[in-house]
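Two chains, two separate frames, one set of hints: put the complex together.
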Amino acid sequence: MHTWSPSAPRSALVARQQLYRNIREYFYNRDVLEVETPLLCQAPVADPNITPIQADQRWLHTSPEYAMKRMLCAGYGDIYQICKVFRQGEAGKRHNPEFTMLEWYRVGWSLPQLMDEVADLLKILLSERFNPLPCLHLSYAQAMQTYAQLDIHHCSANQISALGQQLANADLDLNRDGWLDIIMSHQVEPALPKNTLVFISEFPASQAALARLANNAEGITIAQRFEVFFNGMELANGYHELTDAKQQLERFKHELQDTQRPHDAHLISALEYGLPDCSGVALGLDRVLLHLLNAQHIAQIISFDWTRA
Amino acid sequence: MANYSTNEFKPGLRVLVDNEPCIMIDIEFVKPGKGQAFSRVKLRNIRTQRVWERTFKSGESVESADIVERDMEYLYSDDEFWYFMATDGSFEQLGASREALGDTIKWLKEQVVYEVLLYNDAVVSVSAPNFVELDVIETDPGLKGDTAQGGSKPAKLSTGAVVRVPLFIVEGEKLRIDTRTGEYVSRA
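Heads up: the protein sequence lines correspond to chains A and B, in order.
Quick note, the first sequence lines up with residues 1 to 309 if you use this note's numbering.
Quick note, the second sequence lines up with residues 1 to 188 if you use this note's numbering.
Bound conformation, chain B alone (with noise of 0.2 Å):
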């Protein structure tokens, strides 16, 4: 494995830090004028997604983390494992635990490519993309007039994800959402 000096850390930078794999993502070089230089580096933990900050030393070094993106399509789950394939041809599939999923499992749907990041070949990580489209499987009937009011009703959606809609969707819509912030968006 390779290994970085602080003159080289950047953003984007895969590197193992205190035995985690972990992505730059910002990097501050403080120097007391007199004193000792160190890099201040803002790190994310792909394996647990939690954004951390850890000084260094100048001219101390760590070592590379095999950390690679992949995208994927989502293809089915055994429920131990949420099966996803390679979309660069190879065909190849890979398993993700419902622990790797975190958040995105309420996202999931077969034929929609994520990205996945898979640390020592096995998946990390999964992110969905910024808007997926979902089938409404439950919610109220709506009340005619009320469309201008502006108000909203929760919807569930096929993958068990429950939004706020406004009053005039029904089940069986297709609706698209924002799956940064968890938001309708419109219908789809």
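Bound conformation, chain A alone (with noise of 0.2 Å):
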């Protein structure tokens, strides 16, 4: 096999000029602005789960969230952007460890007011392979009662890691996030309606990144986080974004406590300084080409694949 030549055909290179025209016309008519940050930043993404790429003294952006958001707080209103991601070691048949994502902001939106953005640009741009396209949403509780039996704001420990252990056929030693993840990606995903965008929200406070917690109708405290399924993929992760500067740098230090790297100090004073009341999404623009193309593997989509780059 000789790898000099694109792992991807032309004609899904053509899809891709599709898809981008498709969204950059979406936003444009809807007078969100296109928008570049910087793909080598001084501080990386603190994601405790996501491990960035350093070159020369930077960061290879594992999201543009933190230099968006700093737009955001200089009142430059709604944006949105699209461009390459980095995330060392994610390479699988639906991961790239370079990969291209859309993010978008709106100002004084709620989460629900962009779920349903989000599932209109969703429609438009899958509805070739598509049409229609049905929406569920769940809370993050209802769709591991419905599709695990498991009652996660009432079972134990024990029964979340018995499952989980039973799931993964090992001990991996976990913490409760950790086999909800097992359970998550093993049990829940699989059996989620096809030719459906599920929208999971709700999730747990523990999950919250850098969404707001909120307390649900039963008085629980969640994150204002959701996300978004398709045929037992991830496609899309929303927030409705923390403002609180002094509790961002709080989860900072919490996130990076076991790490070298430092936390991103003008996310902080841009914060301080004040972010406007906002919700955000990021979307993975290949497993939506991945899908539109009944693709099997991303290397099928992307022009060179980590294998070839």
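Hints were generated in silico from the structure; no laboratory data involved.
Don't take each hint at face value.
Claimed, not checked - Covered by chain B, according to a simulated footprint, are these stretches of chain A (three or more residues, beta-carbon under 8 Å):
#, region
1, 88 to 94
2, 162 to 172
3, 183 to 196
Stated by the list, open to error - Some chain B residues close to chain A (C-beta under 10 Å, calculated; not the full set):
#, residue
4, Thr6
5, Ile27
6, Lys31
7, Arg40
8, Trp52
9, Glu53
It should be emphasised that the depicted structure is a prediction, and the values quoted were computed from it without experimental measurement.
C-beta: ideal position from N, C-alpha, C; glycine also.
Dropping the structure here:
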């Protein structure tokens, strides 16, 4: 097998061009500004489960969220970006360590408003193969109850780890969130209804990342965060953004405590200056193309995949 | 023994998992966006032939297993062991237990070359070639004129295996059998 040639056929590049064009037209019509932010940043994203790639005292961004939030703090209003992001070690049939993300922010919007827009955009982008495209909304707890028969708000830690171990066929020595990740990825995701955009919201407070915390209807503290799943694959992740600089700094310190990495001081300063109330979402565009072209491997829709880069 | 980390996992890798010698068949990288990364691996236990799935944390490593494949010719049996000889010119001989032979015993014939899997130098499994040629030792006489109907009947082969054959096949004929399905293919 020769590796000089592209891993994707020309037709996949044509589909990618059309996809970008549809997105740009969508946001142009809605007066959302296209922006660019640095790929090489002075501080990496603090997410404990994402490993950044370091280059010459800088870090390749794993998501453009920090710089885009600084624009929001500066009062630039609704913005979007299509860019490459980089995550060390994430290679597989649905992962490439360098992949394309669409990220956008809506000032003054609630999470349900943003979820509606995500559904609207995805229906347009996927319409060539999936039309009509129904939506299903579930809370994280409902999804766990329905597809894994697990009542996460009332069951014991042992019940969660027992189910996780059964699914993994091993004791991986994980914490509660780690076992929940196993149950979500091994049991719930594959069982979600097919050809349906499934929105899962109200994530556990311990998986908030950059989302605000709130009490749900039952008085349980949850993260104002959602994810979109489609045919067993995660497509998007959105937040009602945390605006509290103090809380953000605490989360940074907690997340980075076991690493040598610095936290993003620019973002903290910007939050201190003031982030307007907003919701934001990141959408994996390579995965949209996977579905659109019915491709089995991400290499088929990326011009040169990781093994040929 | 070498160790393999999850980022070195690939199909065909021979590893020791939970003290069982296994070959990796398929690897899926699993990573919830904000969650932990895992490798979900489909494995074949070469001792039991069982295919199973096991998940590893990213960065976890497993020990390599000394599993070797060899082409070997079947020689004879003393009813305790079934003896094979290497075809690489070494003339080395190894005995396989009844357990290691498994279903392949149905397709075992002298001078035919089999793929023998060794773990720590002991035979753990024997795979038959896709097609073998075996003699019919017992079958009912077929009725003339029935061939057009495409009917079939059982026939016992020299190894003891029973396969469905067309009605025109008679005792003493040599048949070509597909060992993957256990089906008659043609007269040999």
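A quick look at each hint next to the structure:
1. Counting residues of the region 88 to 94 of chain A whose CB lies closer than 8 Å to any CB of chain B gives 6, which reaches the minimum of 3, so the coverage claim holds.
2. Evaluation of the coverage hint for the region 162 to 172 of chain A: fulfilled, as 5 residues show C-beta separations to chain B shorter than 8 Å, against a requirement of three.
3. Look at the region 183 to 196 of chain A against chain B: 3 of its residues bring a Cβ nearer than 8 Å to a Cβ of that chain, three or more, so the hint holds.
4. Because the closest C-beta pair between threonine 6/B and chain A is about 9 Å apart, less than 10 Å, the hint holds.
5. Taking 10 Å as the C-beta cut-off, the interface hint given for isoleucine 27/B holds, the closest approach to chain A being about 7 Å.
6. At about 6 Å, the closest approach between the beta carbon of lysine 31/B and any beta carbon in chain A falls short of 10 Å, and the interface hint on this residue holds.
7. The interface hint given for arginine 40/B is met, as the beta carbon of that residue sits about 7 Å from the closest beta carbon of chain A, less than 10 Å.
8. The interface hint given for tryptophan 52/B holds, since its Cβ lies 7 Å from the closest Cβ of chain A, which is under the 10 Å cut-off.
9. Nearest Cβ of chain A to the Cβ of glutamate 53/B: about 6 Å, under the 10 Å cut. The hint holds.
Against the hints set out earlier in the document, no violation occurs for any number.
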